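Engineer: Keeping the supplied structure of chain A fixed, place chains B and C upon it in accordance with the hints.
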Amino acid sequence: MAGAVVIPEGRFARSGPGRDWALRYGMRLAVLAAALALWQALSEAGLIRGDEFPSMTATVSALGRQAASASLWAAVRDTLAGWAIGLAIGGGCAIVIGSLAGLSGFAYRSVIGVVEFFKTIPVIAILPIALVLWGATLTMKVALVAFAVFWPLVIQVCYGVRSLDPIARDTARALRVRGAREFLMVVLPSAAPFIATGLRVSVAVALIVDIVAELIGGGSGIGAQILLAENSGPSAYPVMYAYILVAGLLGVLLAGVFTLVEGRVMHWHESYRMAAGHAG
Amino acid sequence: MRGEAGAAGRAGPVRAASRVAGRAATRAWLFAALIGAWWAWSAGSTSVYFPPLAKILRTLWSQWAVGPARAQLGSSLEHLVLGYAIAGLAGIGIGALLWSLRYLREATSPYMYFLYVLPAPVLVPAVITIFGIGAAMKVVIIAFAAVWPTLLNTLDGMRGVDPVKLDTARALGMSAARRTFTVVLPAAAPQVVAGLRNSLQVSIVLMVVSEWVASTGGIGYYIVNAQESFDYLGMWSGILMLAIVGCAANLLFVLAENRLLYWHYGARAAERRA
Amino acid sequence: MMGQSPQPSVVALRGVRKAYPLRGGGQRLALADVTFEVARGEFACVVGPSGAGKTTLLRCLAGLAMPTSGVVEFEGTPLRQVPAGVGVVFQDYGRSLFPWLTVRGNVDLALKARGVAREARPGRIAEVLASVGLADVGRSYPWQLSGGMQQRVAIARALACRPDLLLMDEPFASVDAQTRFGLEDLILRVRDESGVTVVFVTHDIDEAVYLADRVIVLSAAPGVVSEVIDIALPRPRDQVATKRDETFAAYREHLLGLVMTR
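Residue numbers (this note's numbering), protein chains in the order written: chain A, 1 to 280; chain B, 1001 to 1274; chain C, 2001 to 2262.
Hints listed in this document are in silico derivations from the structure and should not be mistaken for laboratory results.
Everything numeric in this text was worked out from a predicted model, so none of it was measured.
Take these hints with a grain of salt, some might be off.
Unchecked claim - Just the calculated beta-carbon pair ranges, DEER-fashion:
1. A22/A - Y2020/C: 19 to 27 Å
2. P2122/C - A35/A: 27 to 35 Å
3. D2206/C - D1162/B: 29 to 37 Å
4. S232/A - S1100/B: 39 to 47 Å
5. L100/A - S1047/B: 31 to 39 Å
6. I1244/B - H269/A: 38 to 46 Å
7. F1253/B - D2206/C: 49 to 57 Å
8. D165/A - D2204/C: 30 to 38 Å
As the list claims (entries may be wrong) - If we take Cβ atoms under 7 Å as the criterion, some of the chain C residues that face chain B in the derived model are:
9. A2062
10. L2064
11. A2084
12. G2085
13. W2100
14. A2113
15. V2116
16. R2139
17. W2143
All residues carry an ideal CB built from backbone N, CA and C; glycine is no exception.
Next comes chain A alone, as it looks inside the complex:
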């Protein structure tokens, strides 16, 4: 697929014979340590102004304090709520509608133009409408996430359903597998790699839209905490950066979990059987 590519963690976390592996992880830790040390050094030398950018130690300790208190976990929970529900609704609709559209040539051709158009609208444009309708609530976030996730995923599902190998279809016919059973046991599995790729992108997009909705629209969650910290002035900047780090870590975590699940569910497909996988 020539679309957005999210590179799965596995690609970078290749393990191999002992010495090579140790060297690689050693280098990575060294880079991290060096970067953190440089950050701190620049702060202390005054090259980074304290009122613009907090020192490394201040940020890390702010992160620690937040983690110890309930507020960080509450924020993560609120962000994940919007992410999960929006993803479920948008993803569910996309799979259902995409399957229906993919099965009929006419439906596909009718729908594809509209979907392609909506896919190009930056979801951020819908934010004002969502705010007007629902205010700074969970519903607003869920609506935006579902909207953002739906369009690219529905196209992927369509492609997947339409990509059914004619030989597989003929085999199903010859075995008298029809209707719902044919759909569930033949069409859907052959569409699965496309759907998996679409979902991988959706997982990332959903988080971004979710956090941006909080950041701009308000409400609760990681984005909202960042906005709050920024408005509280320079003394709160360490907290702001701490939450930025949390946002990134959450993204990495979700992508990693997805890759694991995907590997388990799709292990039977040839592209996953090959040792080092490329992104879809």
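Structural biologist: Same frame as chain A, now just chains B and C:
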């Protein structure tokens, strides 16, 4: 075999034209129907929040095509183009560089991945505290956020180049530098372009978010300003303008891609036929 | 039936051994001890059972891979990298030809890589394309052509810089039988016209006997040279007449016996 002329050529020009028209109609009818439905449903609307489509379109024209909002549009597009260009060039350049420096690449890849996955809009408040709320801030955040998809895809594309092509290049006696520029990069081009497309979407989002938060100019500023002034007609016109910008940018990208990657799609089609 | 070549050799292998490290540790020995020489202007075919390391051998000859021990000499000098004066044709023309360049562009790239002057290139491109029978497809892209024509482009590209040695790795395995006969005759004609030395790897015994001056038989992995057979069939070879010859059948039978049992 030679060429790939469509079957339509055999059917006569009138049949071919009507087939093209028919295909276009199939793709367009739903779109037209939705617009028509919106128009009809909103025509008698007295709600402040959902004005009639007719009025929105008029405002779109009066504000954005010939009116005062044109400056905002221009400002947005300037920052978008500049930020995206920097991101694209840096992404390809740094990606190619890291491809050839194996240890540096392996040491930094998890951190680049982290920055790629990080929802870039969260950095906007942070970047504002450092760069203020002017044009520099917007270009910096757009470039910084949009560089990662291109960079990682360039890297991935270059690493995935067919070894037969690399062997061929070596067998032809090419130096490493020549190989990189005349074989590896063109072979990686499809994936580089996929990265650039992703970067474009990221650029647009960051353009809007940075303008929204900084509130000093651009489409994002126009929308949030209209909303806070209860000018919902203006807000809707801004939303439509943004949708148009997104759509147009994508269209331009696809046109450029089809020219640049003509050979790639041709080769793939030939492969499928074989 | 060991063949001795009295003329100076273009390429020689002595005691070449090639081992590949395996993922879980340990090694796979592809070539154990390969020694032979190919004389100037000779057409040598290398045959052997599948997995015999024929491709590994070719890559060592080309300088694309370095032997674990032993030496590969090209025109008397041990090989460290791909030398000037070698042309390589790979089996998979679809993956070897560059799809973003036209046919002319592909051949031009070969000339540019070896530093041929700009003024000389167009003439040479036309010349070498004509010599493989592709005078008028210069502007097409490789993927617009048939398999046989694509492989001709690959051959033209390999010949563009007038190499001393042409290495071919099962080049006609991916084309249909009829096209293959045409390509076999083409490569014989090219050799006759230019005097280039050819080392031709194939799994097709008929093809090997038809084309070769000598056939080198590689044993199954770990590969050693089992036999080297002089092919004393008259030239010019002909697809019908030569293959009807009793001697042809005898060679064929002998080689099949060697390749299939080992």
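Engineer: Can the suggested window of 39 to 47 Å be confirmed for the beta-carbon pair S232/A and S1100/B?
Structural biologist: holds (45 Å)
Engineer: Can A2084/C be said to touch chain B, with a Cβ gap under 7 Å?
Structural biologist: Check passed: Cβ of A2084/C comes within 6 Å of chain B, closer than 7 Å.
Engineer: Quick check on the hint: A2062/C CB to chain B CB, less than 7 Å?
Structural biologist: holds (6 Å)
Engineer: I want to verify a distance hint. Is the separation of the beta carbons of F1253/B and D2206/C within 49 to 57 Å?
Structural biologist: At 53 Å between Cβs, range holds.
Engineer: May I ask you to test the hint 38 to 46 Å on the CB atoms belonging to I1244/B and H269/A?
Structural biologist: For I1244/B and H269/A the Cβ distance comes to about 40 Å; the hint holds.
Engineer: Have a go at the V2116/C hint: is there a Cβ in chain B nearer than 7 Å to its own Cβ?
Structural biologist: violated (11 Å)
Engineer: Go ahead and decide if the range 29 to 37 Å is satisfied by the Cβ distance of D2206/C to D1162/B.
Structural biologist: About 31 Å separates the Cβ atoms of D2206/C and D1162/B, which means 29 to 37 Å holds.
Engineer: Using the nearest Cβ pair, does A2113/C come within less than 7 Å of chain B?
Structural biologist: holds (5 Å)
Engineer: Hint says 27 to 35 Å; check whether the CB-CB distance for P2122/C and A35/A agrees.
Structural biologist: Because 53 Å falls outside the window, the suggested range is violated.
Engineer: Is the hint on W2100/C kept, meaning its closest Cβ partner in chain B is under 7 Å away?
Structural biologist: holds (5 Å)
Engineer: May I ask you to test the interface hint for G2085/C with respect to chain B, counting a Cβ-Cβ separation under 7 Å as satisfied?
Structural biologist: violated (9 Å)
Engineer: Does W2143/C pass the interface check with chain B, least Cβ-Cβ distance below 7 Å?
Structural biologist: holds (4 Å)
Consistency note: the structure conflicts with the earlier hints numbered 2, 12, 15, 16.
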